[in-house]
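Each chain, letter by letter, is given below.
2 protein chains.
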Amino acid sequence: MGEKGERTREKIRCKAYGLFAEKGFQAVTMTDICERTGLSRGGLYRYYSGTEQIFSEILSEEYVISDRIERKERAGAILEDMLEAIRAEILDKERSLSLAIYEYANLGNEDFFTDLNEKAKKRWISLIQYGIETGEFKKVDPEQAAELILYYYQGLRMWSRVISFDGQTAEHYVRTVRQMLVEG
Amino acid sequence: MGEKGERTREKIRCKAYGLFAEKGFQAVTMTDICERTGLSRGGLYRYYSGTEQIFSEILSEEYVISDRIERKERAGAILEDMLEAIRAEILDKERSLSLAIYEYANLGNEDFFTDLNEKAKKRWISLIQYGIETGEFKKVDPEQAAELILYYYQGLRMWSRVISFDGQTAEHYVRTVRQMLVEG
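Residue numbers (the working numbering), protein chains in the order written: chain A, 1 to 184; chain B, 1 to 184.
Hints may be right or wrong, so weigh each one.
Repeated chains share a single entry, so a pair holds when one copy, or any two copies, can fit it.
Keeping only pairs whose Cα atoms sit at most 30 angstroms apart, straight-line, the calculated DSS-like set for lysine-lysine is [stated by the list, open to error]:
#1 Lys23 x Lys93
#2 Lys139 x Lys4
#3 Lys119 x Lys93
#4 Lys138 x Lys121
#5 Lys11 x Lys72
#6 Lys4 x Lys23
#7 Lys121 x Lys93
Derived by calculation from the structure, the hints in this document are not laboratory data.
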């Protein structure tokens, strides 16, 4: 697929993201996505076979950090960028995919999520280990620290749809992770 | 309502808990609860006006700690009991109410959950402050610590329906909370 095709796929994912955040997974149809993107049915199906494929690709888009570690950027700088992205997500209630994720997960996609979860955990563990090696991070248990970072975030993300968080809640998260890895 | 009435209400909540954990909130009917409890329709409605009332009462049942603080029990002992209860819950995948909670929350019960969340937070803050006062706990920011405890747990609980956690994941949670409040 050429560059134009890639751009169209990206546009589809971006528009579909908004729909999934609004309605959850099951209520969104390919017709909704046609309407939102302005693509014809035939046009949309040239790129994606169904909402499952679009949704699983959205979830698989990752914040890539392995390149930054290879380039030997400072672990603290990578951490701060990731925390900044997370802070923005926590505060962006409207764009939470957690309802959609939850519905999708409960449709029996256990393996997909186990895999996704493992990847996210490995990504964090690799950053934490890298930071410990360079002496920037404290000598924490990388797996234990990665789980805190992931599940604390998931809990916040889940509840941010329901409860209005103020900036302080996001700030507490960021501070907790920083204190665990860097400060004190 | 007399003691027998209270016992019946408790039985209803207990059986309904199992149904909500299995099916979520919306799929459970009063008829299901009649079948599970063996009560007649008239019998059930004498105690509860609908599934909403039963579910919100289940969620409002709390692990009471104010009595233990008043009796001046050791903060560390109260903490350990709470962590033990949480550990058991994390591992008890079948009894997770998180799908039901999520459905119920997304039906527009924001105020109810904001209130529930505030209460849980206050409970933890009171224990943490008490532990700091008695010199048993480290001088953490009580609100920040309470949020970690709550949302990290919620994230785990949400995912425990989807991903099979091993005992280590629960152990990491317990260890993180202990390290934050007591050790080191």
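Quick one: Lys138 to Lys121, C-alpha cut-off 30 angstroms, is that within a copy, between copies, both, or neither? Both. Shortest intra-copy (18 angstroms) and inter-copy (29 angstroms) distances satisfy the 30 angstroms Cα cut-off.
Evaluate Lys139 and Lys4 at a C-alpha cut-off of 30 angstroms and name the case that applies: within, between, both or neither. neither (46 angstroms within a copy, 56 angstroms between copies)
Indicate which option fits the pair Lys4, Lys23 if close means a Cα-Cα distance not exceeding 30 angstroms: within, between, both or neither. within (29 angstroms within a copy, 44 angstroms between copies)
From the Cα coordinates, with 30 angstroms as the cut-off, is the pair Lys23 and Lys93 best called within, between, both, or neither? Classified as both: same-chain Cα gap 13 angstroms, cross-chain 26 angstroms, threshold 30 angstroms.
At most 30 angstroms between C-alpha atoms: does Lys11 with Lys72 qualify within a copy, between copies, both, or neither? This pair counts as neither: shortest intra-copy Cα distance 32 angstroms, inter-copy 60 angstroms.
Checking an output row: Lys119 and Lys93, CA cutoff 30 angstroms. Within, between, both or neither? both (25 angstroms within a copy, 22 angstroms between copies)
Reference check for the pair Lys121 and Lys93, CA-CA at most 30 angstroms: within, between, both, or neither? both (24 angstroms within a copy, 21 angstroms between copies)
Consistency with the previously given hints fails for numbers 2 and 5, ordered from lowest to highest.
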